[in-house]
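Asker: Quick note, the sequences are listed as chains H and B, same order. So that you can map any letter, position 70 of the first sequence is 70 in my numbering, and since no number is skipped, the others follow by simple counting. With positions in the second sequence counted from 1, the corresponding number in my numbering is that position plus 1000.
Honestly, the hints are just simulated from the structure, not real lab data. All figures in this text were calculated on a predicted structure; none of them were measured in a lab. One or more hints might be untrue.
[Said to hold, decoys possible] Straight-line Cα separation of at most 16 Å, EDC-like style, residue types lysine to aspartate or glutamate; simulated pairs:
1. Lys1270/B to Glu1048/B
2. Lys1193/B to Glu1150/B
3. Lys1270/B to Glu1097/B
4. Lys303/H to Asp241/H
5. Lys1032/B to Asp1102/B
6. Lys1035/B to Glu1097/B
7. Lys160/H to Glu1059/B
8. Lys153/H to Glu1059/B
9. Lys1139/B to Asp72/H
10. Lys153/H to Asp1065/B
[Said to hold, decoys possible] Computed spacing ranges between beta-carbons, pair by pair:
11. Ile1134/B to Ala83/H: 41 to 51 Å
12. Leu1081/B to Ser180/H: 22 to 32 Å
13. Leu1022/B to Ser148/H: 31 to 41 Å
14. Val23/H to Ser1284/B: 47 to 57 Å
15. Phe203/H to Val1019/B: 29 to 39 Å
16. Val38/H to Gly1280/B: 49 to 59 Å
17. Leu98/H to Gly1046/B: 51 to 61 Å
18. Val1085/B to Leu98/H: 41 to 51 Å
19. Pro157/H to Gly1033/B: 32 to 42 Å
20. Cys1289/B to Ser148/H: 44 to 54 Å
In this text, a Cβ means the ideal position worked out from N, Cα and C, and glycines have one as well.
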Amino acid sequence: MGGYQTTEYIRSFRPVRVPSATVPFAVCIAVILITLLVPGRAENESSIPFVILLAGMGASLIFFVKKQSSRDIYTLLFVLLGAWELATAKTTGNLSYLTPTPEMVLYTYISDHEMILKGIGTTCRFLACGFIPGIVIAVFLGILTGWSMRAQKILLPIVKVLTPIPPLIYTPYLVVILPSFFAASVGIIFLSVFWCLYINMIFVISGMDPKLVDMTRVMNVGPVTRFFRILLPYALPGIFDRLPLALTAAFMVLFNAEMIGNAMSGMGYYIQFNARFAEYTKVVSGIILAGVFIGLVNSLFRKAKRAVIGWKN
Amino acid sequence: MKIKISSILYRTIPHILFVSLLVLSLLQVHTKGLKPMLPFIVLVAGLEVLSILLYKKWEIPAIMDIIFTFITAWFVYANYLNTRVAFLFPAPNVVVEIFWGDVLLIIKSIVSSFKLLVLGFFIAIVLGVGFGLICGNVKRLRNMLLPVAEILSAIPALVYAPYAIAVLPSFWAAGLFVISSGLFWPIFINTMKTVSNLDKELYDYTRTLKLSKWDLLYRVMLPYCTPGLFNTLTMQISSAFMLLIGAEMMGMTSGVGWYVKYYVDFSVYKKVLAGFITIGILVSIVNACMTLVKRRALVWVDTKRQNI
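Excised from the complex, chain H in its bound form (with noise of 0.2 Å):
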C-alpha cells in the first residue's frame, strides 16, 4: 500500500507532458494523400472540400488540441474518415448509389443547404414548443406529487403503468385527431418529455433526506418558498441528468411523426423524404446533421447545468 502511494507521490511531481500530435497527424495526412492521390470510381463531386475539412482538423490538431484523450479522439476520427474513404471512393462496386463517398456527402451540405437549413429550423421550432412546457409542467407536477405522501400513494401506481409505455405509439393517432401537423408533433413531444421526466420528479423528491424534510418543516415556510427555494433547487440535478434522455426521445417522436403526418420540412423529414428517392447520400449526411444538432444541444444542456448548479460541488 505505502509503496503504491509513495510512487504516486513521486510522480506528481513530474513536469507535465504534452502528448504528441504525430500519430494523429500522420494519420490526417495518410488520408489526404490517399484522398487525392489513389484513382477511385469517377464521381462528379470534387474532392476538395473534403480536404480542406481534414486539413483543418488536422490544423486545428496542432494548435488547438492539448489532451491525450481528445488526440486519441482525433485519430480515431481521421481512422474512420479514412476507411470510409477507402471502402466507398476507391473501390469500384455496383452498388454506388448505397454507399456513398464523404466527398459527396460533404458536398450535399453545400448543395442542398437551403432545404437542410429549413430543416434545422422547423426541427428547432417544434422542439422549443413542445420541449420547454414539457419540462416546465413535469417538474411542478411531479414536485407536487412527490412532496405530499397521499398524491404519491394515489398516483403512483398509475403513473408506473402509464410512463413506459412509449409515446411513439400514440403518434399516429394524436396525428390523426389533432387539427395540424403542427399541433400534432408538439403535442407529442409534449407528452415524451411530460413522461420521461415526471416520474422521475416524483422519485427524486421523495426519495429526500428525512433529515431536510424536517428541517424544511421546522422552518415554517409557506408552499411558495418551499417550492421555490427548497424543493425546486433540490430536483435541479436531477432533471439536467434527465434533459439528455428527454431531448432523444422527443427526436425519436418528431422523427415518427414526420413519417405519418404531412410534413414539409424537419431533420426527420429530410432523411426520409429522401430515403423515399433513394438518395443516399442525403441520408447519410441528414443522419450526421442530427447527430452533430443532438450532440450540440447536449453541450449547451451541459453548459446550462454548470452555470445552474454551480454550487453543488
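Model the placement of chain B on the given structure of chain H, informed by the hints.
Answerer: Using the frame of chain H, we list chain B on its own:
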C-alpha cells in the same frame, strides 16, 4: 364522527361509480344487444372484484375513482355526446370487443415483437458488456471512447433506420440492428463507467489474490457490473419499446407496432386503440418481470448501500 363519515364516503364512491357505469352499459345492452357489450361488462366487473379483493390498501378507492371516472367519461363521450366522427373516437366497449375478436392476431403480434426485443436485448448486452469490460480496463481507450460514446448514445437509433433498411438484407434485420444499436450505447457507457470506478481497495484485494486476467474480468468485474447493468436495463425498457415500435412501423409485417400502423393506414381506430392498450399491458408485464429478475439475480447486493 366527522372523520368516519368522510372515510365511509371515500370507501363507497368507487362502488357508486361502478354501479353507474354498469347501469349505463346495461342501457346500451338495451339498444345494441348483449353480445357486443358482454366483454366490456366483464372487464368492468373484473376491475370491481379486484378492488374488493384489495380493500385493505388505503389508496385503492382513490385509484379506482380515477379509473372508473376515466372509463365513464370516455364511455359517455363516445356513446352519447360524440355523434359526428364516430370512427375517430371508438367507445371503450367497442375497443374491448376487439380483444375478443382479434385475439389471435394480437397474440401473434406480441410473440413476434417479443422475439425481436429479446434478441435485440441479448445482442446489446453481450456486445455492450463485453466491449465495456475491455475498454473500461484500459485507461487510454476509455478516455478516448467515453466522449465519443456519449455523443453517439444521444442520437436516437431510429434515425439510422432508413439507411439500415436500404443496406441490410431484410426489414427484420434492420429492426434488429436499430434496437440493438440503440441499447448498446447506454449499456456500454454504464459498464465502462462502473469498471473505471472499481473500488481501489477491491482492486488491491484482487491483486493480492493473484487472479489471472480472465478471472479478474469474469469473476470480479462482471458481477461488479450487474447491479448497474440491471439499473440501465430497467431505465432503457421504455426506449427499447420505442425503438421496437418505431422499427416495426417503418416497414415490418408483424409485431405490435405494425398492428397499430397497419390499422392507422386503414383508419380502423378501434383496433389502433386496442393496440395501445396491448402495448401498455405488455410494457407493464415486462417491467414487472424485470423487477422480479433483478430481485432474484441480485440477492447478494446490499440494497441499502448500493441504492438500486
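Asker: Going back to the hint list, which numbers does this structure go against?
Answerer: 1, 5, 11 and 20
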